[in-house]
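Visitor: Sequence:
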Amino acid sequence: MSVEEHARSRTLQVVVGLAVRGTNAVAGWLAVPDGDDALTVVAAESADASLRVPDGHRLDLERSYGGFVLATSQPASLQLVAHDDRAGAELALLGTSRGHLLAVPCADDDDQVAVLEVVAGEDRGRFDLDDVELLSILGEVAGAAVVESLGGVAPPTADELAGQLRQLERSDPAGFGRVAPLVNSLLRR
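Each residue of the sequence shown is one higher than the one before, starting from 1 at the first, in this note's numbering.
Worth flagging that the hints you see were computed from the coordinates, not collected in a lab.
These numbers were taken from a predicted model, which means no experiment stands behind them.
A couple of the hints might just be wrong.
Derived Cβ-Cβ restraints for the label pairs, each shown as a range [as the list claims (entries may be wrong)]:
hint, residue 1, residue 2, range
1, 163, 52, 17 to 25 Å
2, 167, 35, 22 to 30 Å
3, 162, 125, 52 to 60 Å
4, 71, 162, 40 to 48 Å
5, 74, 172, 36 to 44 Å
6, 126, 54, 42 to 50 Å
7, 169, 68, 43 to 51 Å
8, 52, 98, 17 to 25 Å
9, 111, 168, 26 to 34 Å
10, 165, 129, 25 to 33 Å
11, 163, 128, 44 to 52 Å
Glycine included, C-beta positions come from ideal geometry on N, C-alpha and C.
Whole structure, please, built from the sequences with the hints as guidance.
Guide: What follows is the structure, encoded as structure tokens:
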């Protein structure tokens, strides 16, 4: 799926909006890996009309906190300061030399498929454990939505299901005996 198609995903946009409002952040975004060297923003939200992260904005995978979170599979909550090379994009967005960032990985099974980030000005104070928990839950939703938008969770076709049932009938007749009536009742609806 292209970056443009991700950007149209209503679910991803809602997740980012909930992240911004739920953590009292100034802005937030969801970024997906785009090749080997960048993360691309596919959904963004801002509580302040003067701050805007455009869809398609690229973040350096090696030199951003989003890249760090994606690589380590661990959330990060930290204070952004001007002399921190990784904080440049976020501080430029905030228009200040200090602020706060919270970023969580968005996973599907064990695969890191995106990163969800929120930022706030210095006056907001640090993100707390409740913020980390909220963003982690939203990150799980976002990870599933990213994979779904890529077609990774499509249900089996009728032919695939029939083949799986035939296989079950051969390998486990008793199991097939329990499953077949359930499938039959679903098909009759």
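Visitor: Just tell me: holds or violated, for the beta carbon distance of residue 167 and residue 35 against 22 to 30 Å?
Guide: Given range 22 to 30 Å: violated, Cβ gap about 39 Å.
Visitor: Could you see if the CB distance from residue 126 to residue 54 stays within 42 to 50 Å?
Guide: 27 Å, violated
Visitor: Just tell me: holds or violated, for the beta carbon distance of residue 71 and residue 162 against 40 to 48 Å?
Guide: With a Cβ separation near 42 Å, residue 71 and residue 162 satisfy 40 to 48 Å, so the hint holds.
Visitor: Between residue 163 and residue 52, does the C-beta distance stay in 17 to 25 Å?
Guide: 49 Å, violated
Visitor: State, for the Cβ atoms of residue 163 and residue 128, whether the hinted interval 44 to 52 Å holds or is violated.
Guide: 50 Å, holds
Visitor: Is it true that the C-beta distance of residue 52 to residue 98 lies inside 17 to 25 Å, as the hint says?
Guide: Taking Cβ atoms as reference, residue 52 and residue 98 lie about 21 Å apart, which means the hint holds.
Visitor: Does the beta carbon distance between residue 162 and residue 125 stay inside 52 to 60 Å, or does it fall outside?
Guide: 58 Å, holds
Visitor: Is 26 to 34 Å respected by the C-beta to C-beta distance linking residue 111 and residue 168?
Guide: For residue 168 against residue 111, whose Cβ atoms are near 28 Å apart, the range 26 to 34 Å holds.
Visitor: Looking only at beta-carbon atoms, does the pair residue 169, residue 68 fall within the given range of 43 to 51 Å?
Guide: Check passed, 50 Å falls within 43 to 51 Å.
Visitor: Confirm or reject the claim that residue 165 and residue 129 have a C-beta distance inside 25 to 33 Å.
Guide: 47 Å, violated
Visitor: Just to be sure I understand the hint, the distance between the Cβ atoms of residue 74 and residue 172 should be within 36 to 44 Å; is that true here?
Guide: Because 41 Å falls inside the window, the suggested range holds.
The earlier numbered hints that this structure contradicts are 1, 2, 6, 10.
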